[in-house]
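Participant: Can you make the complete structure from the sequences, with help from the hints?
For the record, the sequence lines run as chains A and B.
Counting from 1, position 128 in the first sequence corresponds to residue 128 in our numbering; the numbering is continuous, with no gaps.
Counting from 1, position 114 in the second sequence corresponds to residue 114 in our numbering; the numbering is continuous, with no gaps.
It should be emphasised that the hints constitute simulated quantities derived from the structure, not laboratory data.
For every residue, glycine included, the Cβ atom is placed at its ideal position computed from N, Cα and C.
A portion of the hints provided could be inaccurate.
Quick look at which bits of chain B chain A covers, simulated, 3 or more residues with Cβ under 8 Å [stated by the list, open to error]:
hint: 1; stretch: 70-79
hint: 2; stretch: 95-108
hint: 3; stretch: 112-124
Below are the DMTMM-like pairs computed for lysine to aspartate or glutamate, each with C-alpha atoms no more than 25 Å apart in a straight line [stated by the list, open to error]:
hint: 4; chain 1: B; residue 1: Lys88; chain 2: A; residue 2: Asp265
hint: 5; chain 1: B; residue 1: Lys276; chain 2: B; residue 2: Glu236
hint: 6; chain 1: B; residue 1: Lys121; chain 2: A; residue 2: Glu6
hint: 7; chain 1: B; residue 1: Lys327; chain 2: B; residue 2: Glu266
hint: 8; chain 1: B; residue 1: Lys188; chain 2: B; residue 2: Asp178
hint: 9; chain 1: B; residue 1: Lys120; chain 2: A; residue 2: Glu12
hint: 10; chain 1: B; residue 1: Lys327; chain 2: B; residue 2: Asp293
hint: 11; chain 1: B; residue 1: Lys88; chain 2: B; residue 2: Asp214
hint: 12; chain 1: B; residue 1: Lys298; chain 2: B; residue 2: Glu266
hint: 13; chain 1: B; residue 1: Lys120; chain 2: A; residue 2: Glu6
hint: 14; chain 1: B; residue 1: Lys120; chain 2: A; residue 2: Glu9
hint: 15; chain 1: B; residue 1: Lys188; chain 2: B; residue 2: Asp309
hint: 16; chain 1: B; residue 1: Lys120; chain 2: A; residue 2: Glu21
hint: 17; chain 1: B; residue 1: Lys264; chain 2: B; residue 2: Asp293
hint: 18; chain 1: B; residue 1: Lys121; chain 2: A; residue 2: Glu9
hint: 19; chain 1: B; residue 1: Lys291; chain 2: B; residue 2: Asp332
hint: 20; chain 1: B; residue 1: Lys80; chain 2: B; residue 2: Glu37
hint: 21; chain 1: B; residue 1: Lys121; chain 2: A; residue 2: Glu12
hint: 22; chain 1: B; residue 1: Lys121; chain 2: A; residue 2: Glu21
hint: 23; chain 1: B; residue 1: Lys80; chain 2: A; residue 2: Asp265
hint: 24; chain 1: B; residue 1: Lys88; chain 2: A; residue 2: Glu12
So you can see what is in the structure, the chains are spelled out below.
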Amino acid sequence: MTRLAEYAEARELTVNLMLRELRGRYKRSALGWTWSLLNPLSTVIVFSVVFAFFLKIDPPTGHPSGLHSFPMFLLCGLLPFNYLSNGMNGSLDSLLSNSNLIRKVYFPREVLVVSTVGALLVTFLVELGVLGVILLLLGNMILPWLPVLFLLVAIQTVFVLGIGLMLSVFNVYFRDVKHFIGISLQALFYSAPIVYPIKFVEDAATRTSFPLLRVYELNPLVRFVDAYRAVLYDLRFPAFSDVAYVTIWAAGLLALGLFVFHRLDRRLAEEV
Amino acid sequence: MSTAISVDDVSKQYRLYHERNQSLKAAIMRRARVKYEEFWALRDVSFEVPQGATFALIGENGSGKSTLLKCMAHILRPEKGRIETRGKISALLELGAGFHPELTGRENIFLNGSILGMSKKQLNQRFDEIVGFAGLEHFIDTPVKNYSSGMYVRLGFSVAINVDPEILLIDEVLAVGDAEFQRRCLEKFDDFQEAGKTIVIVSHALESVRNLCDTAAWLEHGLLRRIGTASEVIDEYLTESHTDRAADGDHGARWGTGEAQVEKIEVLDGSGEPVKRVRTGDTVIFRFHYKSDALIEKPVWGMALFSLDGVWVTGPSTREVGLYPEKLAPGDEGYVDLHVDRLLLLPGTYDVSASLFNITGATVYDMRHRALRFDVEFGDPHEEYGFMSLGGSWEGDILDTAR
Numbered sequence: 001m002t003r004l005a006e007y008a009e010a011r012e013l014t015v016n017l018m019l020r021e022l023r024g025r026y027k028r029s030a031l032g033w034t035w036s037l038l039n040p041l042s043t044v045i046v047f048s049v050v051f052a053f054f055l056k057i058d059p060p061t062g063h064p065s066g067l068h069s070f071p072m073f074l075l076c077g078l079l080p081f082n083y084l085s086n087g088m089n090g091s092l093d094s095l096l097s098n099s100n101l102i103r104k105v106y107f108p109r110e111v112l113v114v115s116t117v118g119a120l121l122v123t124f125l126v127e128l129g130v131l132g133v134i135l136l137l138l139g140n141m142i143l144p145w146l147p148v149l150f151l152l153v154a155i156q157t158v159f160v161l162g163i164g165l166m167l168s169v170f171n172v173y174f175r176d177v178k179h180f181i182g183i184s185l186q187a188l189f190y191s192a193p194i195v196y197p198i199k200f201v202e203d204a205a206t207r208t209s210f211p212l213l214r215v216y217e218l219n220p221l222v223r224f225v226d227a228y229r230a231v232l233y234d235l236r237f238p239a240f241s242d243v244a245y246v247t248i249w250a251a252g253l254l255a256l257g258l259f260v261f262h263r264l265d266r267r268l269a270e271e272v
Numbered sequence: 001m002s003t004a005i006s007v008d009d010v011s012k013q014y015r016l017y018h019e020r021n022q023s024l025k026a027a028i029m030r031r032a033r034v035k036y037e038e039f040w041a042l043r044d045v046s047f048e049v050p051q052g053a054t055f056a057l058i059g060e061n062g063s064g065k066s067t068l069l070k071c072m073a074h075i076l077r078p079e080k081g082r083i084e085t086r087g088k089i090s091a092l093l094e095l096g097a098g099f100h101p102e103l104t105g106r107e108n109i110f111l112n113g114s115i116l117g118m119s120k121k122q123l124n125q126r127f128d129e130i131v132g133f134a135g136l137e138h139f140i141d142t143p144v145k146n147y148s149s150g151m152y153v154r155l156g157f158s159v160a161i162n163v164d165p166e167i168l169l170i171d172e173v174l175a176v177g178d179a180e181f182q183r184r185c186l187e188k189f190d191d192f193q194e195a196g197k198t199i200v201i202v203s204h205a206l207e208s209v210r211n212l213c214d215t216a217a218w219l220e221h222g223l224l225r226r227i228g229t230a231s232e233v234i235d236e237y238l239t240e241s242h243t244d245r246a247a248d249g250d251h252g253a254r255w256g257t258g259e260a261q262v263e264k265i266e267v268l269d270g271s272g273e274p275v276k277r278v279r280t281g282d283t284v285i286f287r288f289h290y291k292s293d294a295l296i297e298k299p300v301w302g303m304a305l306f307s308l309d310g311v312w313v314t315g316p317s318t319r320e321v322g323l324y325p326e327k328l329a330p331g332d333e334g335y336v337d338l339h340v341d342r343l344l345l346l347p348g349t350y351d352v353s354a355s356l357f358n359i360t361g362a363t364v365y366d367m368r369h370r371a372l373r374f375d376v377e378f379g380d381p382h383e384e385y386g387f388m389s390l391g392g393s394w395e396g397d398i399l400d401t402a403r
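Facilitator: Okay, here's the thing in structure tokens:
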């Protein structure tokens with residue numbers, strides 16, 4: 001059986017594992033799904049106090065939306081970052097935490113990564129939905145921009161999947177990949193204009209001969225944040241170069257992820 | 001007859017790690033991945049399983065039979081050779097693998113079913129049958145973490161058996177549930193055979209294998225030793241492995257000071273000939289060869305019988321009858337027998353443990369746990385259920401009319 005046929009057959013399994021993940025996550029907790037919203041909410045409160053109030057970071061005014069709000073500015077970058085970060089952490093564990101299944105049942109193992117990312121995608125969409133409602137209440141008419149938003153979400157999902165496929169198998173062979181990722185994510189968070197406007201980096205670039213801005217913008221996360229913010233905060237099309245750049249990254253990572261996964265999944269049932 | 005599974009020159013290698021913690025640091029320091037020893041679990045195994053066959057894989061623990069079964073299920077991939085299978089496969093390696101404890105029985109049926117390759121439509125059609133077969137109508141909306149282990153396994157089996165595969169791979173899981181559930185499983189099994197499906201079983205329960213299977217393959221240290229009709233292969237396997245098992249005794253634990261040892265365990269018939277299996281009602285001698293390396297005082301010999309699933313059936317010792325020598329000197333050797341005039345064990349497979357210890361019980365010189373395995377077949381009395389016969393006879397006027 002070819003891989004494609006296997007994938008097609010595993011569609012329902014993917015959905016079911018996704019549901020297992022979603023249903024199991026907040027079972028027996030009093031607040032249930034509210035937890036998935038409380039997490040970004042608490043981050044927003046803490047960061048708003050520290051960065052907007054103490055450090056007096058002034059967010060740019062949305063153009064043409066005219067929106068001027070640090071919490072909104074932050075959320076437009078924070079939610080996509082959380083999706084990436086949760087996707088990486090979730091994928092890391094996706095194979096090991098299902099070792100029982102891998103050792104006892106055959107199915108395409110990619111399904112485990114895909115369903116993990118899929119469940120996080122659902123969470124991400126819920127969070128975006130709530131953010132969308134708040135933005136509407138603040139007068140940001142985002143509805144016409146939804147198709148562009150969904151396009152970005154789709155590109156990011158491919159991006160996360162590509163990384164996730166690689167991380168999941170690496171972590172089976174080298175268990176300390178997990179710790180490495182823990183540290184990297186923190187650096188990654190500050191490597192993109194999530195809590196600060198990109199203007200800070202542009203200003204800093206003028207004070208040095210080092211091509212700071214050019215290097216900074218090599219980071220695909222910078223472009224993702226830029227694009228999401230254009231759609232949600234500014235209400236305009238994201239820069240074509242940004243979208244093209246992240247699309248190339250996403251496609252490349254997915255291809256690389258699948259390649260690496262297939263190279264290393266031969267011994268999965270023995271190593272997990 | 002066409003082939004359902006063809007195993008073509010298959011070799012499977014495992015890696016035995018010396019250091020279980022794999023870390024990047026270790027990998028970089030050694031400029032290689034973690035060091036390991038290679039171990040071939042299967043070597044150049046080739047055979048074909050015809051469609052509609054009920055096929056058994058037998059052999060000692062560690063002979064590679066479960067590895068081969070997992071290769072057939074595509075869970076493991078062989079390093080060399082190919083396994084080709086025709087038709088949908090369902091593997092019953094562990095029941096309820098993938099159940100989520102917080103989800104209800106109903107939710108888990110759909111989840112587990114799709115893991116095993118069933119579509120939602122098929123699951124909807126068979127849902128009632130699955131629940132009915134497991135006998136869990138009242139508990140189907142309860143989270144499975146509240147199930148007893150029996151309920152858990154029954155539900156797992158019920159889902160797996162309803163996958164309706166063309167090839168069913170089973171690893172020692174038929175021994176689940178109570179007698180009633182077992183009976184239903186065997187019925188389901190018959191249905192499978194009648195429907196012309198292929199079944200491959202890995203099992204230690206040789207007498208069940210003999211009854212269920214038409215063909216058997218005997219694996220030894222990863223090599224295919226013999227393949228043929230189930231009865232012949234099992235006979236040959238029992239003949240050979242009997243003495244072997246007693247000698248190496250590696251399928252049970254062994255502990256003790258080693259000052260004196262139980263060197264060998266034998267099962268003999270009434271005339272003192274080693275036997276491969278016995279019948280209920282036979283005269284049987286259990287012989288325990290010992291050897292002493294030190295001066296030990298007041299040694300006693302003990303033995304125990306365990307059923308295959310670990311039930312301690314009996315455990316007589318010379319201490320109970322007050323028989324023990326004052327001492328064993330270094331170099332002393334010989335044997336003691338437990339003579340059983342009429343063995344009242346019922347058909348099945350049993351393990352013998354043997355021990356040599358001090359009368360006080362304070363020092364265990366040698367304890368060989370489940371070191372020898374033997375089979376009991378139907379004899380006189382011809383009884384089926386449980387481990388022991390009471391050796392009784394049924395009486396009553398009404399029964400006389402039936403004689």
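Participant: Can you name, in rising order, the numbers of the hints this structure does not satisfy?
Facilitator: Per hint list: zero violations.
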